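Sequence order for the protein chains is A and B.
The opening position of the first sequence corresponds to residue 10 in this note's numbering, with each subsequent residue numbered one higher.
The opening position of the second sequence corresponds to residue 12 in this note's numbering, with each subsequent residue numbered one higher.
Since the hints were made in silico from the structure, they are not lab data.
A hint or two may mislead.
[Stated by the list, open to error] Residues on chain A that point at chain B, a partial pick, calculated with CB under 8 Å:
hint: 1; residue: Ser76
hint: 2; residue: Pro80
hint: 3; residue: Asp142
hint: 4; residue: Tyr203
hint: 5; residue: Gln208
hint: 6; residue: Val212
hint: 7; residue: His221
hint: 8; residue: Ser267
hint: 9; residue: Gly271
Just so you know, these numbers come straight off a predicted model, no measurement behind them.
For glycine and all other residues, C-beta sits at the position ideal for the given N, C-alpha and C.
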Amino acid sequence: MTSTPLARPTMRFSERPLGRFWREYSQSHAAVFGLVMTLILIAVAFLAPLIAPQDPYDLMQVDFMDSELPPGAIGGAGQTYVLGTDANGRDMLSALLFGLRASFMVALSSLGIALVFGTLMGLVSAYAGRWVDSLIMRIVDIQMSFPTILVAMMLMVTFGRGIDKTIFALAVVQWAYFARNVRASALVERSREYVLAAQLAQVPTFRILWRHILPNCLPPLMVIASIQLASAVSIEASLSFLGLGMPVTQPSLGMLISNGFGYLLGGKYWISVAPGIALGLTVFSLSLMSDRLRDMFNPRLKR
Amino acid sequence: MTPDAKIETLLEMQGIEHVFGRREDWVDKGVRLIRGKRTAPARVRALNGVDLTLGKGEVLGIAGESGCGKSTLGRAMVGLMHPTGGSVTYRGQPVMRGRRPLHLKLQMIFQDSGSVLNPRLRVKELIGEGPILHGLLARRDLEDFVADQLETVGMAPDVMNRYPHQFSGGQRQRINVARVLALRPETIVCDESVAALDVSIQAQILNLFMDLKDRFGLTYAFISHDLGVLRHISDRIMVMYLGRVVEEGPAAEVFANPRHPYTRALLENAPRLSRRNQIFQAVPGEVPSPLNMPSGCAFHTRCALRRPECSLSVPNLMGTGAHRHACPIVEAAA
């Protein structure tokens with residue numbers, strides 16, 4: 010780019026959709042920060058077994074004598090506990106990394122299931138119309154008329170704790186958002202000329218949905234997905250905090266916060282605060298991303 | 012109306028009617044029961060008994076103001092929608108099977124509105140999709156085929172890897188034409204296909220249409236509000252007003268000697284260089300709402316030749332030979 014403002018082309022001819030996307034996305038520094046933070050958090054979460062100082066699940070590595078040490082303290086074996094230890098002498102940094110991993114795993118897999126199922130339902134609803142549409146959308150309405158956390162709690166109380174059950178509960182409370190949004194954009198796309206042209210070209214219905222309608226519904230879908238990812242992380246944390254989510258053997262961030270809750274007033278703040286900050290940072294970064302995506306796809310904000 | 016007996020009839024429409032609006036549902040019925048009042052929304056009568064035949068090799072122009080039902084007619088022609096009344100056949104077969112169009116040989120070119128081409132597909136995918144699906148083309152021959160098609164519509168073959176947003180309106184319309192031609196159609200319905208283009212580009216695209224007609228022996232139904240465009244290309248012309256045909260006949264004759272007062276008003280007001288100082292006399296009044304159609308001849312609210320009897324009954328097409336119109340007043344004076 011030259012220094013004259015007019016020299017900047019409005020449209021580069023060789024550019025791919027992804028390039029255009031990035032150029033527009035990166036116009037907000039906060040959004041880039043959110044993306045980078047999210048990627049770092051996901052990376053450290055999934056690399057936790059490699060980078061964590063100890064395995065918090067392995068009781069052999071946990072020294073009960075080191076319990077409730079403040080951040081920066083030196084343990085009995087000479088190791089430094091950067092974020093201190095909890096009531097059982099577990100290294101908080103390791104617990105936090107593994108907790109982050111559990112949180113992301115549950116949030117991402119429930120999001121994936123909800124996304125695929127909800128998108129499918131939305132597409133079928135929009136394209137089939139008539140009673141199929143009415144049926145699916147009434148289910149969505151009923152689903153969405155209950156508070157999310159309430160439905161999730163009811164499911165967890167019914168089925169009990171566990172990773173698979175948490176993922177299931179989160180998917181159940183989220184699919185309706187995808188279904189409703191995909192249906193709305195698919196209805197718009199369905200009446201576009203290119204879909205009519207595909208019908209005239211005798212393109213089979215499934216292919217029209219998959220190749221023509223779905224790709225054009227993706228931008229709003231991405232916005233919903235990024236919003237829902239943040240909400241999945243926080244719902245899971247709430248459930249685990251209340252003792253309804255993840256099993257004790259695989260503590261997520263919510264349960265770590267809950268574990269330290271009783272020590273908070275006793276001055277041993279770090280047991281709760283460190284996972285609390287990690288959770289806050291995760292939801293904050295995801296929100297920055299989803300805000301940017303939402304703005305990008307809002308035609309009223311286009312310059 | 013009937014073209015020469017020698018010419019094979021491709022498309023035939025009989026008594027096409029279309030009414031937009033939802034049916035009374037159980038809520039409406041309940042309300043009517045309690046309050047004794049109809050609550051189902053008013054209906055729009057878009058088409059009121061249109062008959063049409065399209066012979067092989069012919070260019071039929073369909074003219075009319077916006078809202079006269081010409082786009083609805085176009086969609087019904089190719090089988091994109093079921094008209095609420097009447098029959099549409101192509102080579103003697105219905106144009107629809109279920110809710111989908113049936114004939115691959117019958118295609119449509121839409122007005123360029125930026126969404127005629129799927130924005131997520133490259134030019135070669137846009138053009139090649141149909142032919143590959145229908146076995147007209149092997150996947151490995153895609154690039155040669157697309158290059159060929161692009162050349163046919165006067166575009167460089169190296170644009171095949173680009174996306175639709177990288178082209179101007181005229182270029183997009185050429186790509187769209189290439190996409191339709193790749194399906195090897197026989198009949199093409201053009202719905203305002205050049206309306207969104209600049210005049211110079213319009214001329215290019217129209218010439219392209221005519222070249223392709225000669226090369227591939229195509230048949231066109233050309234829907235437009237622009238009489239200048241229709242004069243340029245049509246063999247036969249149909250003038251529509253509020254869902255009815257008011258005049259039809261060989262294009263040269265209709266333009267030289269318009270009979271129906273509506274056609275006359277349209278032609279007198281078409282801008283022309285030879286009459287650049289003319290003060291335009293707009294057709295007085297507004298197009299009546301199709302929600303509330305005037306009784307009798309729909310044009311009587313704006314007609315200069317209006318007589319009391321015009322609001323009584325709907326006039327049928329009359330006149331001798333191919334040139335027919337729906338004005339009994341003109342017919343009586345002739």
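Checked hints:
Interface restraint check for A/Ser76: the shortest CB-CB distance to chain B comes to about 57 Å, outside 8 Å, so the restraint is violated. For the restraint placing A/Pro80 at the interface with chain B, the shortest Cβ-Cβ distance is roughly 50 Å, beyond the 8 Å limit, so the hint is violated. Interface restraint check for A/Asp142: the shortest CB-CB distance to chain B comes to about 14 Å, outside 8 Å, so the restraint is violated. Checking A/Tyr203 against chain B: minimum C-beta separation of about 4 Å stays under 8 Å; hint holds.
Among the interface hints, the one on A/Gln208 holds; its C-beta lies about 6 Å from the nearest C-beta in chain B, closer than the 8 Å criterion. Taking 8 Å as the C-beta cut-off, the interface hint given for A/Val212 holds, the closest approach to chain B being about 6 Å. With a least beta-carbon distance of about 5 Å to chain B, the hint placing A/His221 at the interface is held under the 8 Å criterion. A least Cβ separation of about 45 Å between A/Ser267 and chain B goes past the 8 Å threshold, and the interface hint is therefore violated.
Hint status for A/Gly271: violated, given a least beta-carbon distance of 54 Å to chain B, over 8 Å.
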